[in-house]
Amino acid sequence: MKGRARFFVPLAAFVALAALLAVGLTLKPREVPSPFIGKPAPAFTRPQLKTGQPDFDPAQMKGQVWVLNVWASWCAPCREEHPILVAAARQPGAVPIVGLNYKDEGRAAEDWLRRLGDPYQAVAVDRDGRVGIDYGVYGVPETFVIDRDGIVRLKHIGPLTAEDWTREVVPLLNKLKG
Amino acid sequence: MTRLLRHWLLILLAGVASTWLVTQAAAADAPDVAADPALEARVNALTAELRCLVCQNQSIADSHADLAVDLKNQVREQLKSGRSEREIIDYMTQRYGDFVLYRPPFKATTLLLWLGPALLLLIGGWLYWRSLKGSQAVASAAPVQGADAALAERLLGEEGDEPARRR
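For the protein sequence lines, the chains are A and B, in the order given. Per the working numbering, the first sequence starts with residue 1, numbered consecutively. Per the working numbering, the second sequence starts with residue 1, numbered consecutively.
Don't take each hint at face value.
[Said to hold, decoys possible] Okay, derived cross-link-like pairs now, DSS-like style, lysine-lysine, Cα gap no bigger than 25 angstroms in a straight line: (1) A/K39 / A/K177; (2) A/K39 / B/K107; (3) A/K177 / A/K62; (4) B/K107 / A/K28; (5) A/K175 / A/K39; (6) A/K28 / A/K39.
Hints were generated in silico from the structure; no laboratory data involved. Computed from a prediction, not measured in an experiment: that's the story for all the values here.
Construct the complete structure from the given sequences, taking the supplied hints into account.
This is the structure we're talking about:
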């Protein structure tokens, strides 16, 4: 019996360690859990990208479920993500998507939307990145789902894929709207 | 000879002067350091404790990522306006979570992180103690007898025949 334990204990220890490391490999250290989930979306007031529009304030969105998408024309992954947002905005009954144009040039941003399509109901301009900091943004694009009461329900870091959108975002939006 | 010397001296002077000019220009780029070294020391000490989220294994003090520079400016501004280190750390964790802290706080979710090494040491010590006790028990419980004893005797005898090897 003792001899057997001698054989099994190191084996069990090895299997446990291998399992631990295997789980570690599937974790994404770049996706830092956001401390905002379940908390009110930080307030801000910023001018809109389109001239002649009133300043944007998240308080204006109270009462509806909405998506805040942080993007910039200099951000390559944003370009990857963009068609998904454009398609989502075209769906019937789509929730409003608001853009936060992060540390970008106004003209470059407008040009980008003209060429690639504009899914945004409004685009707030965060020229100096302060709003980004307040939202804990560290890797554009980032996407937040905010509920009727202005509570952040989801934060997605990095580009949304079509799968992320249908699997992660849409069910949550339906649940929040329902 | 003196002419050559003068020539070299001129080159040297020009070198010193240009170095001085360059450092002056660099100093003009970073007015904050020159303006208040004490503040800058506090900024550096605090940002060295904060993790840059873009390049996760660098501190904000070390990183040149855009966001790290912005955050460093934030820290500088806030220290200047009289906020304490504690308040700024709260400001950062509110936005980026405990992950920004190189020294994670001691709480329920970080218990294993803090106590894990001590726990492993205890387990290792216990295993070591057990195996020591075990081998002692084996050594005292099994006196060499019979054929084994004869074999041991023979081997020891053989060794005895070769005294040179004993050392």
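A quick look at each hint next to the structure:
no. : hint           : verdict
1   : A/K39 / A/K177 : 18 angstroms, holds
2   : A/K39 / B/K107 : 21 angstroms, holds
3   : A/K177 / A/K62 : 13 angstroms, holds
4   : B/K107 / A/K28 : 23 angstroms, holds
5   : A/K175 / A/K39 : 18 angstroms, holds
6   : A/K28 / A/K39  : 23 angstroms, holds
When each numbered hint is compared with the structure, no violation occurs for any of them.
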